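S.K.: Line by line, the protein sequences give chains A and B.
Read left to right, the first sequence gives residues 36 to 173 (our numbering).
Read left to right, the second sequence gives residues 36 to 173 (our numbering).
Hints in this document: simulated from the structure, not taken from any laboratory.
Which copy is meant is left open, because identical chains are indistinguishable; a pair holds if it fits in one copy or across any two.
When the alpha-carbon atoms are kept at most 20 Å apart in a straight line, the in silico EDC-like pairs for lysine to aspartate or glutamate are as follows:
hint, residue 1, residue 2
1, K71, E164
2, K153, E164
3, K98, D172
4, K98, E68
5, K98, D51
6, K71, D83
7, K71, D158
8, K153, D78
9, K71, E167
10, K98, E164
11, K98, E167
12, K153, E105
Note that the structure is a prediction, hence the values are computed from the model and not measured.
Protein chains: 2
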Amino acid sequence: MSLDVIPIHLVNTPPDKTGLTGNAQPLLHELAEQVKCLLASGDASAIDLSALPLTPADLDWLKVALGVGEISVTLQASGESTLAETACSGIWWVTHRNEQGAVTSQFIEVAWVPELVKAHPQDVAIGLETLELLIADL
Amino acid sequence: MSLDVIPIHLVNTPPDKTGLTGNAQPLLHELAEQVKCLLASGDASAIDLSALPLTPADLDWLKVALGVGEISVTLQASGESTLAETACSGIWWVTHRNEQGAVTSQFIEVAWVPELVKAHPQDVAIGLETLELLIADL
Numbered sequence: 036m037s038l039d040v041i042p043i044h045l046v047n048t049p050p051d052k053t054g055l056t057g058n059a060q061p062l063l064h065e066l067a068e069q070v071k072c073l074l075a076s077g078d079a080s081a082i083d084l085s086a087l088p089l090t091p092a093d094l095d096w097l098k099v100a101l102g103v104g105e106i107s108v109t110l111q112a113s114g115e116s117t118l119a120e121t122a123c124s125g126i127w128w129v130t131h132r133n134e135q136g137a138v139t140s141q142f143i144e145v146a147w148v149p150e151l152v153k154a155h156p157q158d159v160a161i162g163l164e165t166l167e168l169l170i171a172d173l
Numbered sequence: 036m037s038l039d040v041i042p043i044h045l046v047n048t049p050p051d052k053t054g055l056t057g058n059a060q061p062l063l064h065e066l067a068e069q070v071k072c073l074l075a076s077g078d079a080s081a082i083d084l085s086a087l088p089l090t091p092a093d094l095d096w097l098k099v100a101l102g103v104g105e106i107s108v109t110l111q112a113s114g115e116s117t118l119a120e121t122a123c124s125g126i127w128w129v130t131h132r133n134e135q136g137a138v139t140s141q142f143i144e145v146a147w148v149p150e151l152v153k154a155h156p157q158d159v160a161i162g163l164e165t166l167e168l169l170i171a172d173l
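Model the full structure from these sequences, guided by the hints.
M.R.: In structure tokens, the structure reads:
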């Protein structure tokens, strides 16, 4: 499974009085295509929200549109990351924060499970060594 | 990837003054074998803690021994479930609670990612329909 960060080209439109630029709606079309791709091939993908001309109002609109799902993941590693399933299963809202709690980047990931949640073989092998040391000390 | 709930046979020993039965230590050996299996074949497995003669002190001992990892997952579905990575990557402590917050079952799962965290194709297909309705309404 490859994780591609999709480059999205949006117009740099000035926001209206509500702060909306109209740039959030096309992302729903893009997400629908990505979900179709996940279902067809299992290929995961991501949209880097920080790289797009989206206002805070656009991001709020998108978050409300996608809704809240049943699963929420917290990852503590030099700052907290949250990986929240949206009401559209397979679409995850990923927020990375620094140690001071400020948002450093935001992604929407389309995947069976976000890449960061999976244990990696090297880490599992290190964990096994820890466990074997623990057993040796019993 | 298959998820097997491993039957473990432990002696029904009465606890000592600290509440420990000595039944928790053999589980570490079992977990080490399961982690080796995960690394070798990718096969996930689980130990149903509720089905074993373990006291609350045994469970606490096991939890402390395995430590706390970087990832914690919360799942809200007729009661809250928590799926917490232990300090041994690939070993997850899974607790299911009912709507009143009482623990209904506990598992230790050995997997790249716990089964319940993964979006299932049927749910993703339903999510896609929701998304397409949303787009049609724009």
